[in-house]
Structures are given as structure tokens and as C-alpha cells.
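A.B. asks: Take these sequences, add in the hints, and give me the full structure.
Residues 376 to 844 in my numbering are what the sequence shown spells out, letter by letter.
Quick caveat, the hints were computed from the structure, so don't treat them as lab data.
A portion of the hints provided could be inaccurate.
What the hints assert, rightly or not - So the derived label-pair ranges between C-beta atoms look like this:
#1 426 with 820: 41 to 49 Å
#2 435 with 477: 20 to 28 Å
#3 471 with 841: 47 to 55 Å
#4 489 with 841: 28 to 36 Å
#5 422 with 501: 31 to 39 Å
#6 513 with 489: 32 to 40 Å
#7 672 with 803: 22 to 30 Å
#8 525 with 570: 54 to 62 Å
Every residue, glycine too, gets a C-beta built ideally from N, C-alpha and C.
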Amino acid sequence: MSSVTISGDTHPRAWTQSGSDSAIAPSVARPRFLTGFGQVLAETDLLVLALAAVIFVPRTLYWSAGAFALGVLAVCALRGQYTWRTSLSVGKDFGTLGIGVTVPLMTIALLEGFGPRIRPIVVLAVASLCMLLVGRACAYVGIRRARRRGTFVQRVLVIGAGQVAERLARILEVHADYGLEPIGFLDDDPGESLSLPVLGGIDDLDDVLRFHRIDRIVIAFGNYRSSDLVRIIRRCENSSVEMYVVPRFFELGLQGVPRDAEMVWGFPLVRLRRSTVRTGPRRVKRVFDSCVAGGLLFVTAPLFGVLALGVKLSSPGPVYFRQRRIGMNGREVEILKFRSMQQNDESDTQWSVGEDARVTKIGHFMRKTSLDELPQLWNVVRGDMSLVGPRPERPHFVQRFSEEVSGYEDRHRVPVGLTGLAQVHGLRGDTSIEDRAWLDNQYIENWSAVADLAILARTAGAMVRQARE
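C.D. replies: Next up, the structure:
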């Protein structure tokens, strides 16, 4: 198997292939314009809209024309028009641009009324659509030429080294106007006579992404298992690379290829949707967590006082129980709980048991109603935890479960939570760790704000039912 090596010479990202005496340095890295593509399209659209407004709209309606232009740009941005695209097609843009001019037009018409003042805006919308299509065609010609000269190029790692992967890599090399520069392959058992180097096996993925400054990966057919494919995708989620996959049996024209797949010389590249580990959704989730947790701390302040007094009177020791647990990316965090047991030194390595004589009376009540975890709202406010996510575990058991349970480490891709999908399915205490890991990973893969609200609602309902029992 090939391996990644770091050289001390002027080419630090050199690679070597097993069985070969020669070390070949990769091509000189070109500047990466991760936002340049979208910037060119946005500036082109803005220029076209401004020109259309000057030609077709009287000066008295320039404010309405400006609002129309901003609306068009906003709709196009929301529909991903200013993100990187491999295949450039004016025909594919027609639908989005049509929606882009229709939405702000209808909004202005509703605000202004369907009178004489709206007629120039209607003319502007029709003219803008035609001019935008022409502007996009000109911009795409310029972008393709720039890509062939090495600008707006993304460095690509091909996962798999079979016939499909080899043919795709050759096509990307020949047709540079797609803007994807193949750097090499990654495969545990590569084939022969490859046009590009094999940079390592599946276990070398992190090193290859870092040392070769990969922008995108394309998952093609190779000698790896389905479980390896899941592991590859999950390991790429925390990096900045975008992921494409070549669907199986695409040669047969089956309906498994999505309509929005980007076609590269007959090869469909399907972009994989990133989950909640993306920066944007994570920030929204963080703001929501902070607001809700802060509000709950204010509302439950009297209850805090009552429970703290009860804990203090129940047995000698502190009110709060502090424990180190493993959070996002394996980082240790100190979580807070109301102390529900008499003081002991075994909690870090002793698994939960159904009945324990050391549990105090008020501790039994708090555990039954989950009120012992109320102080973890402070952890949420501090950013150590989220309201919803995989429950944090102790370092001793994280190490043990990571060795025994497939996919357990993948739970740590997101912040740990006060409650989670596994908990609302009844997996608390001495229950299946395999099932917990499965549900936690499914939560991450399919995260949405609506799902978080549903889990919070089910958690509140479960707490009420437990209190009544």
C-alpha cells in the first residue's frame, strides 16, 4: 500500500508509492479562489441589472429598480447560484433566473399595487431575464478560459483507483474547463497503469487532505468496503472539502442519478449534502441554544434554589457534582449536575446500576424526573454543550466503546447535548450502546431545526410522564 511521507526539502508535500524508488513532488500549487467563482457571477449579474435599470426604468423609479435588483441577487444566492459549480450551463440557469426575477417583481407589485407605476418594473423584469442569460453566457466563456489557464481551479482527490476512477481522472486532466485538477488517487488496493499517483490508503485520508491541500474529493469505484465509504464521508465533514460521488450503475441510465447532478463528460457527479457540522447551521443552532438555555435558567431560578437546599440537607458534600466528559472532537468538558448520591470516587469508572444504596432520597426524585441535569443549562450557555445532541460520556467508557462499537467515535462530530434522539427513544442508563451510537449518528446525518424542536418537545413530555409515575 502506498503511503504519505513528508520531505524536508523544498517540496514538503512529496509523495512516494510503495515499490518505487522515486519520490515525485506534486505540481506547484495554484492559488485557491474559493469565493472567486461566485464573486464573478454576482458582479456580472449586478452589472447586468444596473444596465437594465438605466435603459428601461425612469429615474423616478430607481429606488424600486434597486430593490428589484437586490431581490434578484438574494434569490439567486439562496438557490446556490453563487457557489462553486463544475458544469456551467445557461440552460440550467434559466429556471432559477426566472424565479429570481419573478419573486421580487411580485413583491414590489403587492406593495406598490398593480397600477401604472408597476409597468416599467414588469418591463425591467422581462429585460433583466434576457440580459442575465446573455451575461451568464459571456461570464461562463470567461470562466472556462480562466480555468484552462489555472484560475478558479479546485484540487481534487479521487477516492478509488478502479477503471471508472482512472477514466474520470483522465477526463478532468484533458478538459481543464471543468475547473477540477486531479491530484491523485486514494485506495487500499490500487490497480495498475494509473495516470496519477496513489497518495495512500483509506487510513491516510486525513494526511492526504492536509498535505496536498485538497479542495474536493470525488468518490468513484474502488477496492474498499461500504463501511469504509461511510467512514470517509464522516471524516471529511469536519474539513473544508466538498464531496462528490459517482453513482453506481450510472452507465445504465437508471433513475438513481438526481436531476441536479453535475455532468462531467458523461459522468454524473452528485454533491453530498453536508450535515449540521457545517459552520452556518452550527452558528444558528448555537444562538438558539444560548437564548433558550438562558431563558430556562431565569425561569427555573426558584427551582434551582429549592433543589440546591434539598441536596445540601440530604448528605454532606457539595451541591453540584462535577465530572469530566468527552465533547465535540474528543475535547474534554466539565459537566454539572445536582449531586444525587453520597460522595464517592468510583463514578468515573463505574457504569450505571439500577439500584444504588448511595442514592439519596432527593437524588432518587431528581434522577426520576431528570432534574439532576438541570445545571447543565450552564454548560449550554458556556458553549460546552448543546440542547440537543449525543449525550456525553466519561473518558474511560469512550475509549472502551470506541474499540467495541462501530461508529461510536463518529458521535463526536457535533457538540454533545442535554438530550438527544437516543434518549427520547428510551436509551438511557444501562441500555444498548450500539443502538445509541446508531441513533446519534442518524440524528447528525439528518439534522434539522425542526428535528431539534421535536426532540425537545418529546423530552419535555417524557419528564412530565416520569414525574406523574
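A.B. asks: Take the hints in turn and mark each one as holding or not.
C.D. replies: Consistency of the hints with the structure:
1. Between residue 426 and residue 820 the Cβ separation comes to about 45 Å, which falls inside the hinted range of 41 to 49 Å.
2. A C-beta distance of roughly 24 Å is found between residue 435 and residue 477, which places it inside the suggested range of 20 to 28 Å.
3. The beta-carbon spacing between residue 471 and residue 841, approximately 50 Å, falls within the hinted interval of 47 to 55 Å.
4. The supplied range of 28 to 36 Å is broken by residue 489 and residue 841, whose beta-carbon atoms lie about 58 Å from each other.
5. The hinted window of 31 to 39 Å between residue 422 and residue 501 is violated, with their beta carbons roughly 18 Å apart.
6. Checking the proposed 32 to 40 Å range against residue 513 and residue 489 shows it holds: the Cβ atoms sit about 34 Å from each other.
7. Separation of residue 672 from residue 803 is about 23 Å and conforms to the stated range, judged on CB atoms against 22 to 30 Å.
8. A beta carbon spacing of about 19 Å between residue 525 and residue 570 contradicts the range 54 to 62 Å that was offered as a hint.
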